[in-house]
Amino acid sequence: MNLDEYRSAARTWLAENAGRGDDAAQADAKEFMARLYDAGYSGITWPERWGGQGLTQAEERAFAAEARAYTLPTYIFSIGLGMCGPTLLDRGSDAQRERFIRPLLRGEEVWCQLFSEPGAGSDVASLQTRAVRDGDAWVVNGQKVWTSVAQVADWGLLLTRTDVEVPKHRGLTMFVVDMHHPGVTVRPLKDMTGRAHFNEVFFDDVTIPDAHRVGEVNDGWSVAVTTLLHERLSISAGVGMGGGVDWLSELREAVDTSDPYVRDQLVELHIRTRALSLFNQRLAQETRAGIFPGARGSAAKLLLAELTLFQADVAVSLVGPEALVDERLSHAVCLAPAMALGGGTNEIMRNIVGERVLNLPPEPRVDKTVPFKDLKVGTQG
Amino acid sequence: MNLDEYRSAARTWLAENAGRGDDAAQADAKEFMARLYDAGYSGITWPERWGGQGLTQAEERAFAAEARAYTLPTYIFSIGLGMCGPTLLDRGSDAQRERFIRPLLRGEEVWCQLFSEPGAGSDVASLQTRAVRDGDAWVVNGQKVWTSVAQVADWGLLLTRTDVEVPKHRGLTMFVVDMHHPGVTVRPLKDMTGRAHFNEVFFDDVTIPDAHRVGEVNDGWSVAVTTLLHERLSISAGVGMGGGVDWLSELREAVDTSDPYVRDQLVELHIRTRALSLFNQRLAQETRAGIFPGARGSAAKLLLAELTLFQADVAVSLVGPEALVDERLSHAVCLAPAMALGGGTNEIMRNIVGERVLNLPPEPRVDKTVPFKDLKVGTQG
Amino acid sequence: MKLVLGEEQQELRATVRAFMETVSPREGHSPAVYARLNGELGLSGLIIPEEYGGAGAGMTELAVVLEEAGAALLPGPFLAGALAAITLTRLPDKELLTAVAEGRVTATVAPLAGGSALVADSRDGEALVKGRLPQVLNAAEADVLLAPVTRNDGVALVAIDLTDQGVTRVPLTALDETRSMAEVVLAGVRGRVLAAPPDGAALESAWTLFSVALAAEQLGVMRACLDAIVGYAKIRVAFGRYIGSYQGVKHKLADMHCKLEQAESIVRYAAWAADESPGELPQAAALAQAYVGRACFEVARDHLLLHGGIGFTWEHDAHLYYKRAKTDEVLLGPPRTHRERLADLLEL
Amino acid sequence: MKLVLGEEQQELRATVRAFMETVSPREGHSPAVYARLNGELGLSGLIIPEEYGGAGAGMTELAVVLEEAGAALLPGPFLAGALAAITLTRLPDKELLTAVAEGRVTATVAPLAGGSALVADSRDGEALVKGRLPQVLNAAEADVLLAPVTRNDGVALVAIDLTDQGVTRVPLTALDETRSMAEVVLAGVRGRVLAAPPDGAALESAWTLFSVALAAEQLGVMRACLDAIVGYAKIRVAFGRYIGSYQGVKHKLADMHCKLEQAESIVRYAAWAADESPGELPQAAALAQAYVGRACFEVARDHLLLHGGIGFTWEHDAHLYYKRAKTDEVLLGPPRTHRERLADLLEL
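Chains U, L, Z and G, in that order, are what the protein sequence lines are.
Just so we're aligned, residue 1 is where the first sequence starts under full-length UniProt numbering, counting upward by one.
Just so we're aligned, residue 1 is where the second sequence starts under full-length UniProt numbering, counting upward by one.
Just so we're aligned, residue 1 is where the third sequence starts under full-length UniProt numbering, counting upward by one.
Just so we're aligned, residue 1 is where the fourth sequence starts under full-length UniProt numbering, counting upward by one.
Don't take every hint at face value.
[What the hints assert, rightly or not] Straight-line distance between alpha carbons at most 20 Å, and here's what the computed EDC-like set of lysine to aspartate or glutamate pairs gives:
(1) L/Lys190 / G/Glu177
(2) L/Lys190 / G/Glu27
(3) U/Lys376 / U/Glu60
(4) G/Lys234 / U/Asp163
Honestly, the hints are just simulated from the structure, not real lab data.
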């Protein structure tokens with residue numbers, strides 16, 4: 001089957017199987033994933049040995065292009081498919097791959113990722129959740145935060161501290177944790193929009209068999225770097241797809257475009273939106289031509305964060321007082337900071353662009369050599 | 001004589017003695033300073049013992065308020081009066097005060113300040129000009145830069161390195177150098193406006209008697225801090241006096257104010273100008289009420305630097321292509337960066353505001369403990 | 001021109017600040033808090049002339065108080081009450097002024113600029129008012145609404161009893177939960193005419209003072225935001241260092257400080273102009289909204305962003321300040337209206 | 001849509017870049033350099049159709065070349081010649097096109113938009129042109145000026161021989177010394193009519209392409225500025241550390257990089273639209289000037305400021321880039337004209 005045939009078959013399958021519009025219920029989501037898997041569209045590039053299709057980026061892009069017209073009910077699987085699964089493929093044992101990959105691809109099990117903590121956001125490696133060896137198992141205590149889909153997750157990819165006597169990057173270990181363990185408590189975390197998109201997850205003497213360790217003891221940071229690389233790739237893929245609301249179209253109906261000041265603001269909105277969109281398209285074309293964007297994707301993410309804030313800001317400022325009681329605009333204002341915080345703050349993005357794109361010298365680091373127990377971490381009065 | 005009488009007398013004297021408009025020639029400037037001194041308006045707050053008037057800030061402000069209507073030909077004395085003289089009053093020996101202060105106040109001798117070097121700008125303490133002891137004298141070799149009025153100066157306040165075995169701040173010594181010494185070469189430094197407002201000064205085996213040392217050997221940094229404090233005070237006094245061109249008035253004649261976009265740009269110009277002007281006036285009122293502005297003056301300086309760039313930028317953008325061949329506008333564009341570079345870059349100002357106004361923690365410093373000879377300085381390939 | 005507070009004003013500030021430290025933006029409108037604000041602190045009568053039982057203070061004092069209320073995000077009709085008091089002092093109505101000064105009546109205002117969606121029948125000292133106001137500040141918590149009403153002889157300013165049975169108040173979901181808004185529907189409600197036809201200059205003057213009052217609140221919001229994030233930058237660690245030691249954070253905070261310094265200077269100036277130099281007031285008031293409104297939102301936004309993920313949570317107060325700042329920025333109309341007004345006043 | 005360069009375009013870029021490394025912005029206009037540019041590199045005929053002796057390349061290739069010329073701040077009439085070539089390809093005139101392609105004639109253009117200050121008498125293929133153009137790009141270095149001229153039957157586009165004795169060229173002191181400007185006074189000079197009445201669409205199309213060409217040059221200026229300051233940030237030390245290690249510098253450079261990425265994307269897009277999708281061209285061209293013009297100046301300004309005091313000296317090149325960036329930002333009119341054009345095209 002050549003690529004055109006593949007794409008045409010995907011189009012047909014989607015037309016027959018994908019609904020348009022609202023997210024489906026969780027049960028429907030699992031049922032849909034099973035059908036997607038059976039049709040061969042789950043894990044398109046993943047190895048056949050573990051349940052994938054063993055095809056190339058070309059097929060994956062062809063399917064994604066067709067799927068763009070639909071809102072597939074795959075949100076709860078996005079962490080597993082985007083981060084946890086790829087990490088297990090890269091760094092897991094064969095037994096782990098055998099156990100976990102196929103149920104993930106078939107939508108039988110939901111995954112979440114457990115790295116961030118209240119005291120370890122940008123600086124994930126300073127996390128404090130402890131795992132202590134106890135024979136063939138490990139006992140975990142601590143707290144994670146910003147965990148998407150934890151409330152429905154069956155498994156979590158969990159980064160813990162296993163040695164406080166060594167510098168922070170060298171005392172971490174990665175595990176797969178059973179989210180149904182009685183010591184795991186998931187609490188929804190309400191964000192500033194008033195909704196709970198995230199969770200806090202508490203670990204209270206949670207035991208994990210050593211067989212569920214991913215990578216070597218105290219080598220968890222290198223595993224986490226793999227996961228975060230996959231995270232960045234899946235975010236920058238999302239970036240390329242554009243940001244939802246077409247503010248210019250919406251606003252041109254709502255405001256007085258004969259006012260030259262308003263016109264100029266709308267032009268600014270157009271300029272910034274178009275500039276970023278063209279940059280994303282150029283990155284995508286380069287990727288297709290075999291030039292990997294690397295850290296330049298962080299520039300796109302930074303620009304998207306700024307654009308998102310600007311859009312909501314301009315919209316409310318142009319509409320005026322009525323915007324304050326308009327649900328859609330109010331929600332946009334509340335959600336606007338999310339892109340500048342999630343997946344790395346703007347400051348972190350600027351560091352990445354500065355150091356990995358422009359190759360500028362790093363800051364002097366005080367935290368890479370000190371034993372963790374002597375390191376300043378979190379919030380200190 | 002009460003303050004009103006003082007002010008009224010100053011007004012009368014200025015009306016009779018001060019010209020309006022262009023800078024006078026250097027000879028006239030010296031002659032004018034002598035008259036100013038004889039009338040009792042030079043060194044108003046300086047001690048009577050060394051030739052000053054021994055009056056208070058109140059009299060000085062009263063005179064300055066009256067003098068604002070005139071362009072006094074005192075530019076070539078500004079470094080001496082603003083920085084060098086005050087430093088000698090604070091830290092010089094009685095012999096030095098006796099020798100130097102009165103001729104300075106009378107305009108008989110012109111002073112310059114010799115701290116900055118090509119490799120030591122923001123980081124003055126990393127300077128490399130060496131002074132080596134030779135019996136009762138010192139021998140100086142090195143290069144200074146950004147030296148105002150060096151071409152007409154009789155004396156210079158010179159900061160040198162006298163010990164490279166200790167950390168950078170602890171191996172500096174301050175001297176008064178005779179600018180007429182044959183080993184001193186002054187070369188005008190053309191800036192981006194095409195004019196030479198500054199000089200480079202080269203020292204080639206220049207000898208200085210030890211009697212012209214200011215402060216202890218290797219204690220020059222603390223003397224320099226005194227000088228820089230006086231510099232900042234005289235700059236922030238200048239800040240309070242406002243920035244020359246009234247761009248709004250000029251532009252309203254030159255551009256089409258019926259264009260709402262242009263109107264909005266002019267409003268922005270007004271807003272920023274007024275905001276800074278009110279801030280400066282508030283600082284001045286606080287000072288009069290006994291609240292010393294301290295590092296908050298650096299906020300005003302930072303804002304002035306940004307405003308200056310904005311003004312020239314907006315002016316040219318509004319006027320359009322004709323601005324490119326308009327001497328006045330072109331010059332404004334060329335001169336605009338000066339305020340953001342002289343007297344500390346914007347980055348240095350933000351550090352000062354952050355650390356001394358908001359009391360934020362400093363950067364980790366690598367340069368305070370290393371012996372100077374092992375320190376990275378200047379520009380390194 | 002006076003840009004620094006006098007001793008008495010500083011004392012007022014200290015008193016109000018100490019009180020505000022006891023309130024929380026999370027509590028919603030608390031009548032008990034307002035009873036103390038109006039009673040022991042006497043704030044409801046602050047700017048009402050002494051002949052009506054008030055303290056006869058000026059905008060400088062009101063600005064000091066609003067700044068503290070803004071810094072605390074005091075919930076309830078505090079700003080609304082101040083705007084109503086400003087309006088009433090321009091169109092002195094003894095009964096209402098006295099009632100407001102004594103704290104017996106809480107008043108709010110409908111937008112004074114533009115036309116009116118309300119109509120009335122009669123021509124005497126009372127009016128039977130009908131119509132709908134889509135969005136009235138703190139209407140749910142106020143007793144009386146001051147609103148322009150269209151009659152066949154022109155526009156009148158009318159005081160409407162919001163507890164009248166002909167009044168329907170529909171609470172709205174507003175961006176800022178500490179600043180309630182409601183739709184008000186009047187099905188023939190008796191209202192007392194305060195001025196008919198209203199004195200245009202008086203209404204204009206009230207509207208101008210609204211800009212100053214709001215800017216004072218915004219100044220408080222800015223200050224609280226900067227204090228909060230500076231404090232956090234001194235205790236939060238990332239990569240082994242306090243985040244305030246990074247120039248990425250430090251320089252942004254320095255810029256925020258610069259905005260605060262300018263905003264305070266402008267607010268003091270505008271309040272002084274209101275009290276001492278009426279000729280300068282219109283420009284000063286437009287400047288206040290044009291500069292402080294924007295600066296306040298920028299500071300509140302950056303303070304939220306610099307908090308990192310914690311700033312995005314419901315539990316943290318950062319979002320409350322961010323939402324208040326955005327609300328205040330457009331409360332008196334889209335920001336461009338203040339800039340246009342300034343352009344007109346500058347005769348551009 | 002094609003936003004990445006093909007192999008041949010990359011080769012062209014490498015060739016031109018290597019050549020540009022040998023020129024200096026300090027040298028002034030060097031006929032010898034132009035002889036090589038036009039001769040061995042064949043750039044004068046780059047976009048001229050093959051039938052007139054050119055290479056028949058598109059805007060994509062011209063953009064690549066202008067970017068390199070901008071990065072090197074090549075002095076002399078390079079951009080002016082490109083604008084003239086663009087104009088001539090819209091109104092094909094065999095003799096001039098051939099002469100320009102062969103490098104025998106250097107042409108420049110008067111502003112095409114707006115009216116014309118020149119008048120002419122006759123109606124035939126020649127015109128006797130009088131009048132004054134206050135500010136013509138590289139008029140001192142060009143042989144021929146393309147200018148709109150008012151006749152009694154409308155406006156004609158006329159080629160004027162600048163070496164004619166009736167021509168007076170008065171050099172002006174321009175902000176950017178690498179980009180000369182002169183006043184041109186014509187005391188009855190014979191000019192060849194290229195189009196009378198000129199094809200409005202052709203002139204409009206040429207003017208649109210000017211925006212793309214200029215944006216390409218601006219992209220080069222931006223890139224050179226960013227490269228220079230990034231390089232400096234890696235070797236300049238302050239307080240014992242390379243300045244590029246401070247977030248105050250690093251984060252600003254990251255923002256500059258973001259602008260460069262977007263600017264390059266827009267320039268590639270606009271050039272592609274010019275070559276392949278004329279319907280998109282007007283918006284793309286207006287976008288190019290509206291975004292790239294501003295971004296280029298901001299990057300050039302910040303690159304100068306981040307150099308510290310050395311950037312303010314005459315000896316350092318930073319000020320040349322700053323002045324060029326400001327010059328280019330307004331070269332085709334005040335920036336608002338591009339924004340207004342964009343608003344019109346978006347049907348706002």
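Quick rundown of the hints versus the structure:
1. L/Lys190 / G/Glu177: This hinted pair holds, its Cα atoms lying about 15 Å apart.
2. L/Lys190 / G/Glu27: Since the Cα atoms of L/Lys190 and G/Glu27 sit roughly 18 Å apart, the hinted pair holds (cutoff 20 Å).
3. U/Lys376 / U/Glu60: violated, 44 Å
4. G/Lys234 / U/Asp163: Since the Cα atoms of G/Lys234 and U/Asp163 sit roughly 36 Å apart, the hinted pair is violated (cutoff 20 Å).
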